[in-house]
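Asks: What follows is the residue order along each chain.
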Amino acid sequence: MSASTEPPTNLIASSAQDIEGLLSLGLYALIATGLILILLLLARFLGQRTHSEAKDAPYESAVDPTGDARLREPVPFYLVAIFFIVFDVEAVFVVSWAVAYDLLGWAGFWQISFFIFILFLGLVYLWKMGGLEWGSQSARDQKRRIG
Amino acid sequence: MTDPLLSLALILAKLIAVFGVILTLAAYLVLAERKLLARMQLRYGPNRVGPFGMMQPLADVIKLLTKEDFVPATADKWLFLIAPGLSAVTALLTFAVVPFGPPLEIFGKTLPLVVIDLNVGVLYFLGLSSLAVYGMALGGWASNSKYSLLGSIRGLSQLISYELSMGLAIVPVVMMARSFSLTEIVMAQEKIPYLLLNPLAFPIFLISVLAESKRIPFDLPEAENELVGGFHTEYSGMRFGLFFVGEYINLIILGSMVTVFFLGGWHGPWLPGVVWFALKVLAICAFFIWVRGSMPRLRYDQLMHFGWKVLLPLSLLNVLVTGAVLLGMS
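Going down the list, the protein sequences come from chains W and P.
Heads up: the first sequence begins at 1 in the working numbering, then just goes up one per residue.
Heads up: the second sequence begins at 148 in the working numbering, then just goes up one per residue.
If you are wondering where the hints come from, they were derived from the structure by calculation, not from laboratory data.
Values in this document were obtained by computation on a predicted structure and should not be read as measured data.
Any given hint could turn out to be false.
Some but not every residue of chain P turned toward chain W, in silico, with C-beta under 10 Å [said to hold, decoys possible]:
id	residue
1	D216
2	A222
3	G314
The beta carbon of each residue, even a glycine, is placed where N, CA and C say it ideally should be.
Use the sequences and the hints to build the structure in full.
Replies: Following this line, the structure appears as structure tokens:
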């Protein structure tokens, strides 16, 4: 065997390992889904089922439910979801810098520092504006005035 | 040498072993938790089924399977039926990237003790932990019950908030290991675990993981004395069981993530790698149970303030400090 044929065989070996890995991931996902599916089906078919008006109503500590439970999403929770998207996208940039931090050197470091600093200002802004406050509307307004 | 049938047989044997161990461990973790909590509260805990109550998990599974499968009349039926499966499947799938031992030499083949060594393993873990939110959110919404909905809205906000600090706490680990692959992260900790090299990232990650697992002191989505059972109020039988088991599988997985990222994975003296890995994971699980036995529940605004005003800035700062130190040393 000459040295020139070595890289291709390594390549083939590594791709064979990749295929083995993907195969085992596929089988793993298949077994996991199958197992849970069997449990869900078993739960459906074992055990008796009876119906009555009171039993089929949603549980509200023995009080008759009034109206639909599909409440509108309270605003603070919605805000958290928006903040999450902003900071999660930021995390993507930070992670992509992290895998190449030594190649990018100090220049890259100062750039990402600047980026994180700006987002930090964003966090301070929504902190000051009361975006992170909880409780009733009036309590949040009060905290905002103090802050 | 690379006989396809042999490879397939080895893979299948490995997968069956993985499933057997995870499911058994999850079932016995429930028992261990009940026993330990009982001891912390000066009770005996389950001790009737089999010697020392050891058959209790089996009895529980039989009971859950034969219980009535109840669906509220106003519920969104299909989503309601599927949601528990979603949360259990996402929990199980996450384990695919966890390396639980050094590669094994068997029949002249090297068998990696991990389902798949993805080169983007960290992203796979973060992605699936985001997907894990769906089981809870859809289950709570589909029940069409006020307790369930409140629990799932709370849970959604809590999980996405703590996911930020959890993700950012792994960034220093990725920088030190120069890899997204969990196997390589473990390899890089052969001499010193990252717990010692980055002592700030470890507590941030541990607390975020505790919040991700929805356990005391962060169990607001299912706070039983205000929301009855939170997002799984309307669930009964095996569907409740799947939420429950999913939670314990999640506990094992988060424990293994702490082990992989900060405690050096399978590395350790004298004992074989797999044993070290299991010991470390069980130690983290025992710590979580201990925390549950000794902490009160947080108030919701305290929970969110802690995540956004303490953990998030700290983890960002930690990323910058780690970057400066690593660049300064090279």
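Asks: Return the status of the interface hint for D216 of chain P: holds when the least beta-carbon distance to chain W is below 10 Å, violated otherwise.
Replies: Because about 5 Å separates D216 of chain P from the closest Cβ in chain W, which is inside the 10 Å limit, the hint holds.
Asks: Have a go at the G314 of chain P hint: is there a Cβ in chain W nearer than 10 Å to its own Cβ?
Replies: Check passed: Cβ of G314 of chain P comes within 5 Å of chain W, closer than 10 Å.
Asks: Tell me if the interface restraint on A222 of chain P is satisfied: Cβ within less than 10 Å of some Cβ in chain W.
Replies: At about 8 Å, which falls below the 10 Å cut-off, the nearest Cβ of chain W leaves the hint on A222 of chain P intact, so it holds.
The structure shown violates none of the earlier numbered hints.
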